[in-house]
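Using the sequences provided together with the hints, build the complete structure.
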Amino acid sequence: MRLFVMARTAIMSMVKRPATRKYPFGPRRKFYKNSRGRIDQNIEKCVFCGLCEKKCPTHAITVVRDEKTWKIDRMKCMTCGYCVEVCPVKCLSMENEYTGPSVSRKEDIYRHA
Amino acid sequence: MGEEQRTEIITKDDLVKKVSELKADGFRLVQIGCTRMEDIEVNYSFDRAHSFLNLRLAVPREGAELPSISGIYWNAFLYENEMHDLFGISVKDIAVDYEGNFYRMAVKTPFNPPPGGGEGEGKT
Amino acid sequence: MSGRTTIPFGPQHPVLPEPLHLDLVTENETVVEAIPSIGFIHRGLEGLVEKKDFLDFVYIAERVCGICSFIHGLTYCMAVEEIMKVEVPPRANYLRLIWSELSRIHSHLMWMGFTADAFGFENLFMNAWRLREKVLDIIEETTGGRVIFGSCKVGGVRRDIPDEDLKVIVKKLETYKRDIREITNVFISDSSVKHRFVGVGVLEKEEAYALGTVGPTLRASGVAQDTRELGYAAYGDIDLEPVVEKAGDCYARCLVRIREIFASIDMIRQAAGKIPAGPVEVKVSGTPDGEFFARAEQPRGEVIYYAKADGDKFLKRLRIRTPTFANIPAMVKILKGCELADVPVLVLTIDPCISCAER
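Protein chains in written order, with this note's numbering: chain Y, 1 to 113; chain Z, 1 to 124; chain C, 1 to 359.
Worth flagging that the hints you see were computed from the coordinates, not collected in a lab.
Treat the hints with care, since some could be wrong.
[Said to hold, decoys possible] Residues of chain C clear of chain Z, computed beta-carbon distances all greater than 10 angstroms:
#: 1; residue: Ser189
#: 2; residue: Gly222
#: 3; residue: Arg269
[What the hints assert, rightly or not] What follows is a list of derived Cβ distance ranges for each label pair:
#: 4; chain 1: Z; residue 1: Ser20; chain 2: C; residue 2: Pro8; range: 34 to 42 angstroms
#: 5; chain 1: C; residue 1: Lys283; chain 2: Z; residue 2: Pro60; range: 40 to 48 angstroms
#: 6; chain 1: Y; residue 1: Asp73; chain 2: C; residue 2: Glu182; range: 44 to 52 angstroms
#: 7; chain 1: C; residue 1: Glu182; chain 2: Z; residue 2: Lys23; range: 39 to 47 angstroms
#: 8; chain 1: C; residue 1: Glu229; chain 2: Y; residue 2: Glu97; range: 39 to 47 angstroms
#: 9; chain 1: Z; residue 1: Arg56; chain 2: Y; residue 2: Ser102; range: 47 to 55 angstroms
#: 10; chain 1: Z; residue 1: Ile10; chain 2: Y; residue 2: Glu97; range: 52 to 60 angstroms
#: 11; chain 1: Y; residue 1: Arg21; chain 2: C; residue 2: Glu204; range: 47 to 55 angstroms
#: 12; chain 1: C; residue 1: Gly273; chain 2: Y; residue 2: Asp73; range: 29 to 37 angstroms
#: 13; chain 1: Y; residue 1: Lys33; chain 2: Z; residue 2: Pro60; range: 54 to 62 angstroms
#: 14; chain 1: Z; residue 1: Val16; chain 2: C; residue 2: Lys205; range: 53 to 61 angstroms
#: 15; chain 1: C; residue 1: Lys336; chain 2: Y; residue 2: Asp73; range: 45 to 53 angstroms
Where is the CB? At the ideal position from N, CA and C, for every residue including glycine.
What follows is the structure, encoded as structure tokens:
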């Protein structure tokens, strides 16, 4: 039975630097190389086959072949990376920064120029 | 992997007797589960020192009735209440009976919709 | 003359971490009977097998629970692989072991934080979670996500960890051991913590076995049973010994979880030393036909997945039984006869994860 076992840790945490960062008033921690983030689309290479739309578990991607449009709902995307794996021409890639917060549904539309 | 898993087919009348024998042998109840096929298949799973035994019996899809084993294994009451709420199998004399209020859902017996009605896309 | 009062506890309560409802029948602040009630977050995930094919279902199996998500995905993949007779390459098995043990470390550190919060020791709660952040950083570096790993699939794993990174991880975990020991020392020897834990909620050995308890709750009552002894996913190749305590009270359950953290760090070190080179996945073709019960050891106990398939690309039935569902009867038994102020500590000592229990 000992008393004040936590005392040393408590006093040290008052003296040392805090373990948290003051984001957004300070810099954010750098993202790791492997972190899963938003999907990036190189629309010039896309052939509009629709494989990514079929495989997306949350149905976040919509491909309209006649209009040559590729849409993704950023808020539905769960960054699993399945679309990146199945794309046959490898036009999709995954960045390591996630989509920032927003107050409304965010759909990004890419059109073949 | 590939541990030894045995399955025995039994009937409703043998159930309580067989389960009492297993309890005396030192088996513990792992789970009770149902699968909806042409009729409903109920699986009682037991285990002792990583040796797995499964008792299987079949009940009709509507109006099924089973005796409760919560007199032998008290923890079976949770699985039997769940069976009643999701599949509509009525179990007699459960130790703690929620009488259909275990999962309060808008759709009664969602995993066993009445044939010819209910969900249009359900697989039979 | 003392009458009985029924106090409803949960699903929303400041000290309760999970949405569980208990009707406590009390007599003068002593609990005489407790009736549990769950079903607040029942999502019916087992019914989704009819709509998502068996390869895509891994994403749903992982999201059954946020804390033990990797092992859910792993057990699902093991069930389907055993039905289809797919041989997973050995390197994938070792990687699965490493991620499972990292999952266990972060879950136990999280449990320690919750329990400290339940009896009011917020400083200890914050410090335990500060250590947990370091483990989550290791996980994010290797898989990309902090709690939902997204790295298991039918036929292997989706990403590889290079060998140099494994050595760095093992070295980091060895340095964290000193900090973890500092925090766990408080749980083991501080007199205020012991006052709340020792002798509270005793579960006898025969009763624990007869009620079908699993996991650290069972091992703290003296039964040496660990599903990892089955030898799935490279557990057959490393030294493994179940951590057992005899007393059966809250203090024993806390000790079991603390010792399991150090045992997991040791297992990761062994696995990183023995991991072979090779591919990490194998191509899967065709559809499953058959049935199998797959079992694994989650941080809370034994999880069992029953998968039945009949040649179609949708599985016929998937039944998940999680360890919290098996520990609820034990919780009801230990709540009998306790003081009202001990109820949150006793509910937390079985480590409830209601999201798992209700799928």
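Results for each hint:
Here Ser189/C stays apart from chain Z, with its beta-carbon at least about 35 angstroms from theirs, past the 10 angstroms limit. A cut-off of 10 angstroms between C-beta atoms confirms that Gly222/C is not in contact with chain Z; the least separation is 15 angstroms. Interface exclusion of Arg269/C from chain Z stands, the closest Cβ pair being 24 angstroms apart, more than 10 angstroms. Distance hint check for Ser20/Z and Pro8/C: the Cβ-Cβ separation is about 37 angstroms, which falls inside the suggested range of 34 to 42 angstroms.
The hinted window of 40 to 48 angstroms between Lys283/C and Pro60/Z holds, with their beta carbons roughly 42 angstroms apart. At about 46 angstroms, the CB distance of Asp73/Y to Glu182/C agrees with the hint of 44 to 52 angstroms. At roughly 46 angstroms, the beta carbons of Glu182/C and Lys23/Z sit within the given window of 39 to 47 angstroms. For the pair Glu229/C and Glu97/Y, the beta carbons lie near 43 angstroms from each other, so the given range of 39 to 47 angstroms is met.
Between Arg56/Z and Ser102/Y the CB atoms are about 52 angstroms apart, so this pair conforms to the stated range of 47 to 55 angstroms. Taking the beta carbon of each, Ile10/Z and Glu97/Y are about 58 angstroms apart, inside 52 to 60 angstroms as hinted. Restraint check, Arg21/Y to Glu204/C: a C-beta distance of roughly 49 angstroms satisfies the suggested window 47 to 55 angstroms. Separation of Gly273/C from Asp73/Y is about 45 angstroms and departs from the stated range, judged on CB atoms against 29 to 37 angstroms.
Remark: the range hint 54 to 62 angstroms for Lys33/Y to Pro60/Z is upheld by a beta-carbon distance near 58 angstroms. Checked against the given bound of 53 to 61 angstroms, the beta carbons of Val16/Z and Lys205/C, roughly 26 angstroms apart, lie outside it. A hinted range of 45 to 53 angstroms holds for the C-beta pair Lys336/C and Asp73/Y, which are about 51 angstroms apart.
The structure fails to meet hints 12 and 14 from the earlier list, while all remaining hints are met.
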